[in-house]
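Number of protein chains: 2
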Amino acid sequence: MSAHKEVDTHLNIVEVAERLFRQIGFQKTTVADIARELQMSPANVYRFFAAKAEINEAVGRRILREIEDSVGEIARLPGPASKKLRNVIVSIEKLNAQRFMSDRKLHELFETAYDENWPIMREHFDAMDKTLAQIIGQGMAGGEFRPGDAGLAAILVRSACIRFCHPRLMVECAQDPEPTVDQMIDFCLAALKVGSA
Amino acid sequence: MSAHKEVDTHLNIVEVAERLFRQIGFQKTTVADIARELQMSPANVYRFFAAKAEINEAVGRRILREIEDSVGEIARLPGPASKKLRNVIVSIEKLNAQRFMSDRKLHELFETAYDENWPIMREHFDAMDKTLAQIIGQGMAGGEFRPGDAGLAAILVRSACIRFCHPRLMVECAQDPEPTVDQMIDFCLAALKVGSA
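The listed protein sequences derive, respectively, from chains A and B.
Using the UniProt record's numbering, the first residue of the first sequence is number 1, and each one after it goes up by one.
Using the UniProt record's numbering, the first residue of the second sequence is number 1, and each one after it goes up by one.
Please note that the accuracy of each hint is not assured.
Unchecked claim - Distance windows between CB atoms, simulated:
1) B:Thr30 - A:Asp8: 21 to 31 angstroms
2) B:Gly72 - A:Arg19: 50 to 60 angstroms
3) A:Ala32 - B:Ala97: 41 to 51 angstroms
These are calculated hints, taken from the structure and not from any lab test.
Ideal Cβ placement from N, Cα and C applies to all residues, glycine included.
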């Protein structure tokens with residue numbers, strides 16, 4: 001098999017797994033199910049992924065990368081840092097809420113990834129912190145936010161907004177009318193802006 | 001039985017249940033275990049609590065009331081609102097962390113209460129919000145914080161600090177060195193203070 005074909009097969013396995021995870025949930029999907037859909041042997045799937053857990057992580061990583069990409073795009077747009085920060089948090093909340101509402105079975109993958117502290121979650125938070133720090137650093141350099149440690153500020157904003165981004169907390173807090181995501185962002189912006197101490 | 005004795009028995013059941021919950025966990029503790037410790041029949045326990053779930057809630061409520069009382073005391077002390085707000089959040093975090101470190105089995109009760117949205121949790125958040133709003137309202141009246149909706153500000157502070165107060169999140173975030181509780185409180189105070197927008 002050529003290197004090109006190997007990459008294709010790898011991607012096919014992840015795509016089929018994601019589809020099955022949406023349909024029957026990641027815990028019920030077996031390597032045999034995935035192999036059957038692809039008309040290959042389970043042994044062939046295992047040539048690409050040493051264990052089912054690796055397929056779970058690959059599916060999770062792909063979806064988290066999509067979030068990271070769309071957030072990265074927002075960060076690169078022109079405009080004030082406060083507006084970008086709001087758009088980033090709102091968009092993370094929307095993507096999570098959508099998945100929870102229309103892909104409840106896929107959402108379970110992220111609830112478990114959080115509970116069991118899978119490495120993909122740590123990588124995702126680090127990527128998020130990097131983008132948030134970039135936006136906040138821009139706001140500090142431009143005089144919009146008071147000067148300080150942009151990396152720490154990013155972690156504080158992510159922690160303050162965790163109720164909107166954490167897959168399980170989102171569900172727990174779903175009936176609470178307040179705070180709204182906009183109220184929480186206003187609160188974070190007030191903490192960052194020039195004049196606050 | 002006199003009304004006085006009825007109250008005693010009620011309290012005894014809760015106290016014995018709490019001790020057993022610490023020793024073997026709330027899920028493994030049966031009404032028969034509690035009755036045996038009190039040298040009474042399970043039927044007598046059921047005169048006071050219609051179901052085991054009611055005993056679970058009574059134990060949880062008693063411990064949450066202790067937190068509420070100690071937080072209420074801090075709110076009544078003289079001094080600046082910002083100092084009281086810090087002391088309240090730090091003391092909630094300490095009480096939760098202590099329980100998690102030294103009473104892991106009892107901690108499970110609160111993890112489940114959170115997951116299953118028991119009414120005692122809602123009551124507890126309402127009590128916390130009331131105390132936080134009281135402190136923030138004092139700070140707004142005294143010119144320490146900028147004027148606004150103290151009730152909403154209380155909910156925002158509680159949400160921003162959830163990583164330190166939520167029994168499961170506390171565990172998930174235990175390895176993250178940042179934010180510290182003091183960094184998060186500084187962030188919240190910056191959002192509340194005069195000069196922030």
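Consistency of the hints with the structure:
{"no.": "1", "hint": "B:Thr30 - A:Asp8: 21 to 31 angstroms", "verdict": "violated, 57 angstroms"}
{"no.": "2", "hint": "B:Gly72 - A:Arg19: 50 to 60 angstroms", "verdict": "holds, 53 angstroms"}
{"no.": "3", "hint": "A:Ala32 - B:Ala97: 41 to 51 angstroms", "verdict": "holds, 45 angstroms"}
Hint compliance for this structure: hint 1 alone is broken.
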